[in-house]
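> Sequence:
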Amino acid sequence: MKTIVIIPAAGSGKRFLSETPKQFLKINGIDILVHTILKFQKSKNVDKIVVAVNKDFIEKVENLVKKYRLTKVVKVVEGGKERQDSVYSALKSIKAEPSDLICVHDAVRPLISSKEIDELIDFATKKKAVIAAKKAIDTVKTGYNFVEGTLDREKIWLVETPQIFTYKILSEAFEKAYEDKFYGTDESSLVERLGVKVYFYQVKGENRKITVKEDLSFARIFLK
Numbered sequence: 001m002k003t004i005v006i007i008p009a010a011g012s013g014k015r016f017l018s019e020t021p022k023q024f025l026k027i028n029g030i031d032i033l034v035h036t037i038l039k040f041q042k043s044k045n046v047d048k049i050v051v052a053v054n055k056d057f058i059e060k061v062e063n064l065v066k067k068y069r070l071t072k073v074v075k076v077v078e079g080g081k082e083r084q085d086s087v088y089s090a091l092k093s094i095k096a097e098p099s100d101l102i103c104v105h106d107a108v109r110p111l112i113s114s115k116e117i118d119e120l121i122d123f124a125t126k127k128k129a130v131i132a133a134k135k136a137i138d139t140v141k142t143g144y145n146f147v148e149g150t151l152d153r154e155k156i157w158l159v160e161t162p163q164i165f166t167y168k169i170l171s172e173a174f175e176k177a178y179e180d181k182f183y184g185t186d187e188s189s190l191v192e193r194l195g196v197k198v199y200f201y202q203v204k205g206e207n208r209k210i211t212v213k214e215d216l217s218f219a220r221i222f223l224k
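Numbering (my numbering), first residue to last: 1 to 224.
Honestly, the hints are just simulated from the structure, not real lab data. Please note that a few of the clues may not be correct.
Stated by the list, open to error - Below, simulated BS3-like cross-link-like pairs (lysine-lysine); rule was C-alpha separation at most 30 Å, straight line: (1) K181 / K44; (2) K95 / K2; (3) K95 / K44; (4) K67 / K168; (5) K81 / K126; (6) K141 / K75; (7) K141 / K168; (8) K115 / K67; (9) K204 / K155; (10) K55 / K213; (11) K95 / K60; (12) K141 / K209.
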């Protein structure tokens with residue numbers, strides 16, 4: 001059984017209000033994308049990495065792969081309009097056995113440790129469908145301009161990446177999603193539609209997504 005990582009990195013970073021896509025912003029002199037890839041490069045459980053990027057940045061990423069000797073990166077493919085399209089583009093480029101694990105991770109989550117990645121993959125080897133998440137700490141309410149209800153915090157999980165599934169499960173999930181013209185916000189939402197049981201892996205360490213500039217400041221300190 002092999003583990004192949006897909007890193008969708010074709011986003012434009014509109015919410016970050018930067019001309020440079022945030023995956024190419026630098027933390028301590030190194031692109032965020034490189035920081036992220038390095039965590040998987042150092043993982044003993046990862047065999048290959050495929051990166052999906054906007055076509056205008058393919059050459060840039062290929063150069064970064066060479067510069068930082070990211071030897072596990074076997075392909076840099078053209079991403080799509082949406083995250084789902086980018087992941088699917090990478091998935092279609094992969095030759096894998098049905099039982100191989102496909103691990104999808106956000107390009108702008110560079111803080112996860114290689115140790116946690118290894119533990120997550122070990123868990124996915126047993127469960128076949130696993131997502132990284134953290135239990136809600138705050139009280140969660142529903143509504144728009146006023147409170148409509150309060151959710152049971154014990155059942156609320158804040159979902160992150162990596163999200164790991166067998167090649168067979170993930171391929172079937174994407175095929176059905178496109179057949180139904182369904183777009184989800186993560187891979188798990190596609191897999192859930194197949195009726196597959198997806199397991200939570202509770203992340204212990206830092207794994208925030210670089211979404212706003214305050215996150216970038218935190219990451220600079222964390223990655224020193």
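> Each hint should be assessed against the structure and marked as holding or not.
Now for the hints, and whether the structure bears them out:
1. K181 / K44: violated (37 Å)
2. K95 / K2: Roughly 11 Å separates the two Cα atoms, so the pair holds.
3. K95 / K44: Judged against 30 Å, a Cα distance of about 21 Å means the pair holds.
4. K67 / K168: Between K67 and K168 the Cα gap is close to 34 Å, so the pair fails against 30 Å, i.e. violated.
5. K81 / K126: It is violated: about 33 Å lies between the C-alpha atoms, which goes past 30 Å.
6. K141 / K75: violated (43 Å)
7. K141 / K168: violated (37 Å)
8. K115 / K67: Within the cut-off at roughly 24 Å; holds.
9. K204 / K155: Roughly 18 Å between the alpha carbons, so the hint for K204 and K155 holds.
10. K55 / K213: The given pair, whose Cα atoms are some 25 Å apart, holds under the 30 Å limit.
11. K95 / K60: holds (25 Å)
12. K141 / K209: holds (23 Å)
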